[in-house]
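Chemist: Listed here are the chains, written in short residue letters.
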Amino acid sequence: MQTKETIVCRCEDITLEEIKSLIDQGYRTIDEIKRVIRAGMGPCQGRTCRMLIAQELAKYYGIPVGEVLMPTFRPTVRPVKLGTFAGGE
Amino acid sequence: MQKSANVVIIGGGITGCATAYELAVRGVKDIVVIEKQYLSSGATGRCGAGVRQQWGTETNAILARDSVKRFEGMNEELEYDRDIEFKQGGYLMVSYTQNEWNQYKKNVAVQHSLGIPTKMITPQEAQEIVPHLNINGLIGATFCQSDGHANPFHVVDAYYKAASRLGVKFETYTSVTGITREKGKVTSVQTSKGDIAASMVINACGYAAGTICKMVGFELPLYPQRHQALVTEPVEPCQGPMVISLHHRLYCQQTPHGSFIMGVGDPNEPKDFNINSSWEFLEDVARQATTVLPLLKNLRVVRQWSGLYDMSPDANPILDEVPDAKGMWVAAGFSGHGFMVAPQTAVLLVQKILGQNCFMPIERFGLERFSGGELLLESAVV
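Residue numbers (the numbering used here), protein chains in the order written: chain A, 1 to 89; chain B, 1 to 382.
Worth flagging that the hints you see were computed from the coordinates, not collected in a lab. Idealized CB from N, CA, C, for every residue including glycine. Hints may contain errors.
Stated by the list, open to error - Chain B stretches covered by chain A per the calculated footprint, using a threshold of three residues with CB under 8 Å from any CB of chain A:
#1 38-46
#2 121-131
#3 151-162
#4 325-331
To be verified - Lysine-lysine pairs mimicking DSS-like chemistry, simulated, CA-CA at most 27 Å apart:
#5 K3/B with K297/B
#6 K87/B with K69/B
#7 K69/B with K81/A
#8 K193/B with K59/A
#9 K4/A with K326/B
#10 K161/B with K20/A
#11 K36/B with K20/A
#12 K81/A with K183/B
#13 K326/B with K183/B
#14 K352/B with K326/B
#15 K169/B with K20/A
#16 K161/B with K59/A
#17 K36/B with K59/A
As the list claims (entries may be wrong) - These stretches of chain A come out as covered by chain B in the derived footprint (C-beta under 8 Å, 3 or more residues):
#18 57-66
#19 72-78
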C-alpha cells in the first residue's frame, strides 16, 4: 500500500506513513498518537481513523484489535452550534 | 524494569517531565519517571493551555514571567522536532464589575513592579483588539501582549524527548503501589512492575499527590476539583488573545489550529475525582461565551472533556520536602495554573534539591504556611 498517499484521518489529513512512523517511535496507544498528531480530533471525532489506527497497533504488537486500548468516547456525538446550547436557536 | 535509581519521579505530566529534564541537564544521572497511563494523560493534557503573567500574587507573576521567556525559546532549547505552538496573542482580562476592576488595578501594580508590561485599557480599546467582544457593561480591561498559550501535549513531548536524550528513563502504564521509608527517610518505591530502590522521590502527581503522600503517612492538604472544557471546529484566525472574564467564570482562546477552546469554572463543583463530562457544562459555557463573545454562537462544538485541578487551600503550589520522609519532595497543588509556570517551578525545585541558589525564595511555597504561616491567597483564578 502507498503509505504516503493513504489518508487515515480525513479530518486532519494524517497519512498512514505518519501513523506508522509514530508507532515505530514508541507511541503505544490511539490516545498517545491522537495527542501528538491530532488524528481523531476533527469534526468526526475519529469515526474513521480510530479503528484504522487500532488495526495498525494490533499488527505492530501482534495482539487482537479488541485488546487495543480505545480512547474515551466524548460528547458531542455530532457537531452542534454553541448558540443551540445557549438556547437561542 | 531497573532495580534502583538516584531519583524516582512519580507523574508524567508537565511538572514531572520538566523536573526530570532540569535534573538531567544539571548532570544528575539515573532518573526514572513513573507514569500510571501515558505522558500528559492527567491534568496537563486536559488543561486550558494558557500562559499568562497577569497574576495578583508576586510569586505567580514571577514564575509566569520567567516561564514565558522559557516558552519563547523552548523549541530551540529542547531541540524539539515538532513545534510547541507557543502563540503570544496576549491575554485580555475583561472586567464587568467595579469590585473586579479595583482588584485588577491592584494586580496590575504588582505586575508593573515586576516589569510585566500589562496595559489598562478602555472598552473601546479592548474591542479594537477583539472586534467581536461584547462591551455592554464593560468597565475596562487589562491586556498583556506577551501572554499566550502553548500546546500541552507538545510541551510535554519536548521535555520527554530532551530528557530521554540525557538518559532519563520513562516507565509508562506503571502504577506506584507503595513507598517504603526507614528511619524517616524514603528507601524504595513499589510499582506494578517491581520495586525500585531510591533515596529521592519527587511526587508530581497533581490531584493524585495526596494518595502518594498517604503512602508515607502524610496528609497533604489538597483536594480534586473537576473543570470542564470544550473545543470547536477550526475557523480562520479571528481572535488574537485569550479572553478571560472572571465575572463570567470564562476563559476562551483560539488555537493556531483555528479551533476555539473554552471553559467555565463551576462554583458548586463538589470535591471529587469525577472526570465525566456533563450536559450542564455545555449549556453554562455556551451561555457565558456567547454573552461575552456573541459571534461564537455560530461555531460548532466537536468535543468536550474534563480534568481535575489539584486545589491547595490558597490556590498556590506546594514545593517542599515531606516532614518525616526525608528525600520525598512534593511538587503539586498548582490549582489550575501549573502548566504555565512549570518551566520555572521545575528549575526552582531542582535548585533547592541540589543545594544551589534558588532564583526566588522557595520557602513561600512550603507546607508550613498551612499551619500558621502566611498564605499566598490568589485572587485571579478561573
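Chemist: The structure should be examined with respect to each hint, and the outcome stated for every one.
Modeler: Consistency of the hints with the structure:
{"no.": "1", "hint": "38-46", "verdict": "holds (count 5)"}
{"no.": "2", "hint": "121-131", "verdict": "violated (count 0)"}
{"no.": "3", "hint": "151-162", "verdict": "holds (count 3)"}
{"no.": "4", "hint": "325-331", "verdict": "violated (count 0)"}
{"no.": "5", "hint": "K3/B with K297/B", "verdict": "violated (56 Å)"}
{"no.": "6", "hint": "K87/B with K69/B", "verdict": "holds (13 Å)"}
{"no.": "7", "hint": "K69/B with K81/A", "verdict": "violated (37 Å)"}
{"no.": "8", "hint": "K193/B with K59/A", "verdict": "holds (25 Å)"}
{"no.": "9", "hint": "K4/A with K326/B", "verdict": "violated (54 Å)"}
{"no.": "10", "hint": "K161/B with K20/A", "verdict": "holds (19 Å)"}
{"no.": "11", "hint": "K36/B with K20/A", "verdict": "holds (24 Å)"}
{"no.": "12", "hint": "K81/A with K183/B", "verdict": "violated (60 Å)"}
{"no.": "13", "hint": "K326/B with K183/B", "verdict": "holds (9 Å)"}
{"no.": "14", "hint": "K352/B with K326/B", "verdict": "holds (14 Å)"}
{"no.": "15", "hint": "K169/B with K20/A", "verdict": "holds (23 Å)"}
{"no.": "16", "hint": "K161/B with K59/A", "verdict": "holds (26 Å)"}
{"no.": "17", "hint": "K36/B with K59/A", "verdict": "holds (24 Å)"}
{"no.": "18", "hint": "57-66", "verdict": "violated (count 0)"}
{"no.": "19", "hint": "72-78", "verdict": "holds (count 4)"}
Going down the numbered hints, you'll see the structure goes against 2, 4, 5, 7, 9, 12, 18, while the others check out.
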